[in-house]
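Work out the full structure: start from the sequences and follow the hints.
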Amino acid sequence: MTLKKSKDIRELCYPFIYERSPLCDHEIITDELCTTLGGAIYELEGDERFKDIYDFLCELQPKIFHLNASIRGKQAIFEEQIEWLAGYFDRYQQEIAGRIKGFVLPRGPRPVQLLHSCRSLSKKAIRAMVLVDAEGIEVPDVLHRFANMLCNLFFRLTVVINGRLGIMEPEYVSKSYKSKSPSKLKQESAKKVV
Amino acid sequence: MTLKKSKDIRELCYPFIYERSPLCDHEIITDELCTTLGGAIYELEGDERFKDIYDFLCELQPKIFHLNASIRGKQAIFEEQIEWLAGYFDRYQQEIAGRIKGFVLPRGPRPVQLLHSCRSLSKKAIRAMVLVDAEGIEVPDVLHRFANMLCNLFFRLTVVINGRLGIMEPEYVSKSYKSKSPSKLKQESAKKVV
Amino acid sequence: MTLKKSKDIRELCYPFIYERSPLCDHEIITDELCTTLGGAIYELEGDERFKDIYDFLCELQPKIFHLNASIRGKQAIFEEQIEWLAGYFDRYQQEIAGRIKGFVLPRGPRPVQLLHSCRSLSKKAIRAMVLVDAEGIEVPDVLHRFANMLCNLFFRLTVVINGRLGIMEPEYVSKSYKSKSPSKLKQESAKKVV
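Chains as they are written, first to last, in the numbering used here: chain A, 180 to 373; chain B, 180 to 373; chain C, 180 to 373.
A portion of the hints provided could be inaccurate.
A pair holds if it fits inside one copy or across any two, identical chains being indistinguishable in the list.
Calculated pairs, DSS-like style, for lysine-lysine (alpha carbon to alpha carbon, straight line, at most 27 Å) [to be verified]: (1) 253 to 357; (2) 354 to 253; (3) 230 to 357; (4) 253 to 230; (5) 230 to 183; (6) 354 to 183; (7) 184 to 230; (8) 184 to 357.
Since the hints were derived computationally from the structure, they do not count as laboratory data. Since the structure is predicted, the reported quantities are computational estimates derived from the model, not experimental observations.
As structure tokens, then:
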């Protein structure tokens with residue numbers, strides 16, 4: 180059996196919604212990511228403490244739609260966009276350097292919560308790309324590299340925003356994995372990816 | 180191996196949670212959709228500017244649970260409910276006619292964000308129905324047609340709410356697909372589904 | 180084809196993000212659950228009416244990360260944690276006893292919305308465990324039993340919070356399934372799991 184498209188255009192939300200390929204799921208997830216990011220942008224708007232983040236996210240948002248369309252359509256994310264993103268990664272990594280040692284329990288107000296959702300959605304986008312690739316559809320490397328960096332950057336932004344607001348995330352100690360000693364972590368903090 | 184249900188009723192959140200069928204996932208997603216819609220309803224409550232939308236969504240909400248249960252249980256969404264929904268689609272389409280030309284970047288306050296989530300969840304519900312159908316379980320056409328129209332209508336509601344609040348979504352120009360010229364879009368705007 | 184990890188640590192958000200196993204998805208979902216719970220905790224913080232719930236959720240949050248890591252890493256959720264959780268289940272079940280008769284339409288302010296999301300994510304975590312188990316990876320029973328109880332408990336917390344705020348969820352009557360009569364439900368309410 181195969182579900183059929185309606186001929187009433189009001190009853191078709193996306194031309195590929197009925198296809199079996201996980202590519203459609205990649206597109207649904209990255210659309211959700213773009214939308215959730217739009218929510219975070221709205222929450223930060225007009226707050227002088229976060230103007231740099233607001234400006235960055237506004238410039239980032241259309242690139243999420245480029246990520247969305249770069250497998251089925253013409254590729255629109257390249258090495259250049261990764262380098263652009265890496266600049267912001269390094270900048271915000273520097274701002275939080277030494278503040279996060281090991282794992283923490285997520286906390287924070289609305290924009291932080293939305294950026295954590297963006298972080299989850301970035302991971303889900305990579306997982307969808309893994310499935311798309313497994314079906315034999317070409318996924319340019321730059322796309323999943325971009326999504327990985329996005330995820331890591333969104334985490335840093337949650338720590339930056341909390342930091343500027345004076346909110347501390349409680350520490351988390353794993354019982355399943357051995358953690359590194361704080362002193363060793365300190366040495367590594369410049370390059371650490373939590 | 181198969182995970183087994185606990186005999187302690189406190190440890191069973193849903194009778195079908197352990198089944199392999201994607202039908203359970205359809206039910207989880209439509210439950211999430213009903214819940215997220217409840218959040219949007221709460222945010223709009225008591226605001227005179229959105230009273231018509233509030234009333235409509237209150238009437239819509241139980242129908243999402245009907246959609247949820249209409250595959251495993253007795254069908255409870257029919258042509259009549261699609262026609263009812265189409266009336267609201269046309270009404271809100273008319274309100275935004277000419278305002279959205281081409282693609283936009285999602286923005287907006289809390290109820291808008293929640294309605295965008297409802298839009299994503301409507302798509303995921305259709306995707307789940309595609310999988311349910313592929314397993315040989317009958318999915319009445321009216322269910323996925325209803326979910327498609329829901330998705331398109333939720334988008335329109337985000338534009339309506341933003342419009343009444345004076346919020347403009349920034350324009351988005353795709354680098355992956357050729358867009359139609361604004362003038363051509365204008366001619367088509369009456370029937371356009373973004 | 181197989182997507183390859185980048186050697187730039189900034190471009191790797193999770194060591195197992197490229198694996199084919201659904202175990203990675205279990206970990207993404209429980210991470211999302213822990214994060215969403217952090218959002219709910221933040222919303223309840225400092226409100227005396229919900230101090231008991233806040234304290235409970237703060238104690239619960241690290242256990243979600245234990246749940247996350249207890250399949251790939253060393254098991255960190257045991258019978259003891261289920262008993263601990265059951266104590267809170269019974270306590271909040273008692274607070275709402277008789278208030279919820281049959282199904283309701285979800286409603287409520289931000290912390291309630293986030294706890295409903297936690298409820299959905301608990302179900303998705305179980306669904307991921309069903310897939311992990313189907314791949315032949317051992318899932319200790321205590322983990323999915325814990326996630327089931329979490330889901331049921333999150334529902335109760337939404338009713339508790341609404342109750343303390345004087346918010347009533349509208350009743351929902353299914354057209355797909357026969358409901359039990361209110362009088363029968365009343366008799367059962369002490370043990371009912373909605």
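Hint-by-hint comparison with the structure:
no.: 1; hint: 253 to 357; verdict: between (45 Å within a copy, 10 Å between copies)
no.: 2; hint: 354 to 253; verdict: between (46 Å within a copy, 7 Å between copies)
no.: 3; hint: 230 to 357; verdict: neither (39 Å within a copy, 33 Å between copies)
no.: 4; hint: 253 to 230; verdict: neither (33 Å within a copy, 43 Å between copies)
no.: 5; hint: 230 to 183; verdict: neither (47 Å within a copy, 36 Å between copies)
no.: 6; hint: 354 to 183; verdict: between (50 Å within a copy, 26 Å between copies)
no.: 7; hint: 184 to 230; verdict: neither (45 Å within a copy, 33 Å between copies)
no.: 8; hint: 184 to 357; verdict: between (52 Å within a copy, 24 Å between copies)
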